[in-house]
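So the protein sequences, as listed, match chains X, D and F.
Throughout, our numbering is defined as the position within the first sequence, counted from one, plus 10.
Throughout, our numbering is defined as the position within the second sequence, counted from one, plus 6.
Throughout, our numbering is defined as the position within the third sequence, counted from one, plus 166.
Hints were generated in silico from the structure; no laboratory data involved.
Heads up, some of the hints might be wrong.
Unchecked claim - Label-pair ranges, simulated between beta-carbon atoms:
{"id": "1", "chain 1": "D", "residue 1": "T101", "chain 2": "F", "residue 2": "L276", "range": "17 to 25 Å"}
{"id": "2", "chain 1": "X", "residue 1": "E105", "chain 2": "F", "residue 2": "N298", "range": "56 to 64 Å"}
{"id": "3", "chain 1": "F", "residue 1": "G377", "chain 2": "D", "residue 2": "D119", "range": "30 to 38 Å"}
To be verified - Residues of chain X clear of chain D, computed beta-carbon distances all greater than 10 Å:
{"id": "4", "residue": "L19"}
{"id": "5", "residue": "Y35"}
{"id": "6", "residue": "V157"}
{"id": "7", "residue": "A164"}
{"id": "8", "residue": "L165"}
{"id": "9", "residue": "K170"}
{"id": "10", "residue": "S208"}
{"id": "11", "residue": "L264"}
{"id": "12", "residue": "I319"}
{"id": "13", "residue": "V328"}
{"id": "14", "residue": "L369"}
{"id": "15", "residue": "T384"}
{"id": "16", "residue": "A390"}
{"id": "17", "residue": "L402"}
All figures in this text were calculated on a predicted structure; none of them were measured in a lab.
Each residue gets a CB set at the ideal place from its N, CA and C atoms; glycine is no exception.
Here is what each chain is made of, one letter per residue.
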Amino acid sequence: MSSAIPASLFEQLSHQLSQVTGFIYPNEVETQWAILIVVYPYITGIVAGAFILASLVKVFNVVEVQPIYRLALLTALAFMLVAGMPLQLHLGHPERAYEIFMTPQTTSAMAMFGFVYLWYLLGILLIEIWFEYRAQLILMAQQAKGVMKWVYSALSLFSKDLSPEAIAFDKKASKFVTIIGIPSAFLLHGYVGFIFGSVKANPWWGSVLMPIVFLMSAIVSGIAMVMFLYILVSLLRNEKLDMRCLDKIGLFLLVAIIVDFALEALDYIHRIYQSEESIGILAELVSSRLFTSMVIVQLLLGMLLPLVIIAFVRITRVNEDMRRLLYFTSSLLILVGIFSMRWNVVIGGQLYSKSFRGLMAYKMELTGIESLMTALLLLALPFIILTVLYRLLPPQWLEKNAPAMVH
Amino acid sequence: MNKREFLKDAILFFPAAATLQALAPAAEGSAETAKTPADYDATRHWYGMGVDVDKCIGCNRCVEACKAENDVPEEPFFFRTWIERYQIHENGETTVECISTRAAPPEQAEPEDPSVVRTFFVPKLCNQCAHPPCVQVCPVGATFQTQDGVVLVDAERCIGCRYCIQACPYGARYLNPKTRTADKCTFCYHRITEGLLPACVEVCPTEARIFGDLKGKADRLVRFHRVNQISVLKPDLNTEPKVLYAKLDGEVR
Amino acid sequence: MRLPEQVKRLGFVLAAIVAMVLLLRFVILPPSMFSAKPHQAAAVVREMAKPVHHAGVAACRECHEEQFQEKYGGAHRKIGCENCHGPSAAHAADENAEKPPRPREREFCLRCHAYDAARPNGFPQVDPQQHNPRKKCLSCHEAHDPVPPKNPQECGGCHGRIERTKALSTHALVACATCHAVDERHMTEPRLALPTKPGSREVCGQCHAPGSTDPAASKAVVDMAKHGGTYVCWECHYAHLPEGRK
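Bound conformation, chain X alone:
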């Protein structure tokens, strides 16, 4: 026998054990996947969703949304760069993480993470952004001085061709990458849903609908994030906001929310109707431990209220300022609501015992590796990266400096 586990772990587990009601298998007292694993699907969801929104421009020719095309791509990239961090920090042995690339077990959905992530980052996002920005990078290289000249030249891979044929090719290539990018984005976040959905041991997770629901809520969060950022950036930079674009994003967001709500409602109706053995403890879970985060935050504040607000905006003729405020509020509510949804799935699935006879608790630590502090840092980081990307690759640079080049 041995002892002397870290004091913070002992305290957390002692507290969680005291909060148990009913019976749990003794090993279940520890919450295996904690706040960092809530952050991860949230971030990849935004990546996938932002990319899907961008793809509407290229593949489905929704020209109204063109003004946020580059912002959406940069958002996807900023969040993508952070996506792997919560996972890395969560591992018991982060220094062995490379083994996922060396000896991936093909029966494990999680083993696919490394490859899907790399494919999406290198094969889709970076290439897409490169084709989109290549002309601008060349021009910026020409105008820049000193170090930045080399940075932009390197980013353009020392390309020099600005002929109309080259520009036309960029557009075609971009479209082609986007077409492959859509199923890739589905895969990027769909496999996360599958990681949960394929766990037969846990009826809260193990459902055929899980990958679909995850994907749909990812799209909702991605669109909401781009909308939120568009309003925020135009506010901070004192730039004119294209209301037609914002209205169009609002429409897509509305449709996405309705579909997401329908899917989640279907999941619940189906569960209650089938009434399998787990229904008793799951109903108790929702009505006690998850009531606030699920019914209040996720459903009412995060889904129904924004749905009503956006529907209201579309039906009535409120003025621009009011519309902007309502869109801003809705997108913020949705972002919080989708985070709550991730919480309810990940943490919720670990708050009830697989014996179906008891409920547990999760006491989130405030500081430490797996803590609120780290989660907030990881959520703030993409915004910081986006700020850098925005300065490095200004989306509106061509309009101001080389209008002839604008697609």
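Starting from the known structure of chain X, arrange chains D and F on it as the hints suggest.
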């Protein structure tokens, strides 16, 4: 394996083999002497365990012996095996308690509750499933099933992602706070490959736990499997557990 | 078709990355790094080499045959030595190493023998508060062959739950022998000489048939001819707690 690893393992063998040789006569029942990995043929065995629920007295010695044998943290949050206490009431409600997490045994006997119609103890442990969902989900192949039917964790390769702990329907796994890798009952692999019994079986006072080789001809578990009506936990999940329960009440999850 | 200049550049970069990956995977790094199998085999070897802490009865017997024989015929014969004496592999390897403890405290025996309703029927249990409180168990019972100083007077020594349940019921004052015939052998070889269960309704009829003189039973008088078909009474009525009533 490279030369350095081979030499390191070879050097460790000699004191290990010497200890094993000293314990050789301790090999219960069988005529085989201490085995080194070279002469142990895993394909000739398929280990399982039998649990006779009617015999368990809930003394919890198996849990303590396991912790001592396998260096399991003594805190009540990590168990390779544990005992559950069931009380089924006349109105059909069932109350379950894990007695292994109790800080101390109860001071005095509880007054008799006439509404309890059935009450018993159930030992639980890793079921060493023939179709293990934990092995299926390991991203790096750090947990695997041996040819003799035991599911092990390679503590030197486990990355501590905890997916296997999520995938186990029986709550048999935990993350070892010292090694920060997944951990669980190994049927005392280091003992059974020497012809010894797992520690929990060794100390059980009432023979509620039976260890054996399902490929054996004259084996306690094989007979257990023949003369008892056998159930397993959560058969609907198709994990094919190899811990066979006799006289298991339908209320046990 | 002329490849646009930018495609050539991008293609070159991508090709370089792919080439490096392929080179690392198939040429530079050893194949064992890309398969879990050799590592699993090594893990098996490591697992097998882990130290043994419990020696097992056969090892204890080598030096302590006397104690083993003492235990062999008694009620504790199936209990491994290390159940009470703790993991002793170190002692088995070197007798001068730390000797296994000899638990003498009352609490130690009570861990198995203190009354708990969930323990199986027939397992000897005592009420710690009633049974020689505060006295050391070893003062009356030899640990390796724990014959009780007197044969249990009441059946409750091994059938505690039944006795306690019956004590709450309307049958509290009915002695076990009223309904069960017990052979002497049941005290020493319980499973080989089981007590009888009433084979006919007349046993219960002693008190519950019409014309019974028992004042307590007069509350539950039954016409034996008409009630309950061909069943023996206890097939419906739980005699230790009739009708589940206290």
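Hint check:
Separation of D/T101 from F/L276 is about 23 Å and conforms to the stated range, judged on CB atoms against 17 to 25 Å. A C-beta distance of roughly 60 Å is found between X/E105 and F/N298, which places it inside the suggested range of 56 to 64 Å. Remark: the range hint 30 to 38 Å for F/G377 to D/D119 is upheld by a beta-carbon distance near 37 Å. In this structure X/L19 is not separated from chain D by more than 10 Å, as the shortest Cβ-Cβ distance comes to only about 6 Å.
Taking the minimum C-beta to C-beta distance to chain D, about 3 Å, the non-interface status of X/Y35 is violated against the 10 Å cut. Under the 10 Å C-beta cut-off, the non-interface status given to X/V157 relative to chain D holds; the minimum distance is some 39 Å. Chain D leaves X/A164 outside its interface by the beta-carbon criterion, the shortest separation being 34 Å against a cut-off of 10 Å. Every C-beta of chain D lies more than 10 Å from that of X/L165, the closest at about 34 Å, which supports listing it as non-interface.
At roughly 44 Å, the least C-beta separation between X/K170 and chain D is larger than 10 Å, which holds for a residue marked as non-interface. With 10 Å as the threshold on Cβ separation, the claim that X/S208 sits away from chain D is violated: the shortest Cβ distance comes to roughly 8 Å. Distance to chain D confirms X/L264 as a non-interface residue, since its nearest Cβ pair spans about 35 Å, more than 10 Å. The beta carbon of X/I319 sits about 37 Å from the closest Cβ of chain D, which is more than 10 Å, so the claim that it is off the interface holds.
For X/V328, the non-interface assignment is confirmed: its Cβ lies about 47 Å from the closest Cβ of chain D, beyond the 10 Å cut-off. With a least CB separation of 13 Å from chain D, X/L369 remains clear of the 10 Å interface cut-off, as annotated. Chain D leaves X/T384 outside its interface by the beta-carbon criterion, the shortest separation being 17 Å against a cut-off of 10 Å. The Cβ of X/A390 sits about 25 Å from the closest Cβ of chain D, beyond the 10 Å cut-off, so the non-interface label holds.
Distance to chain D confirms X/L402 as a non-interface residue, since its nearest Cβ pair spans about 34 Å, more than 10 Å.
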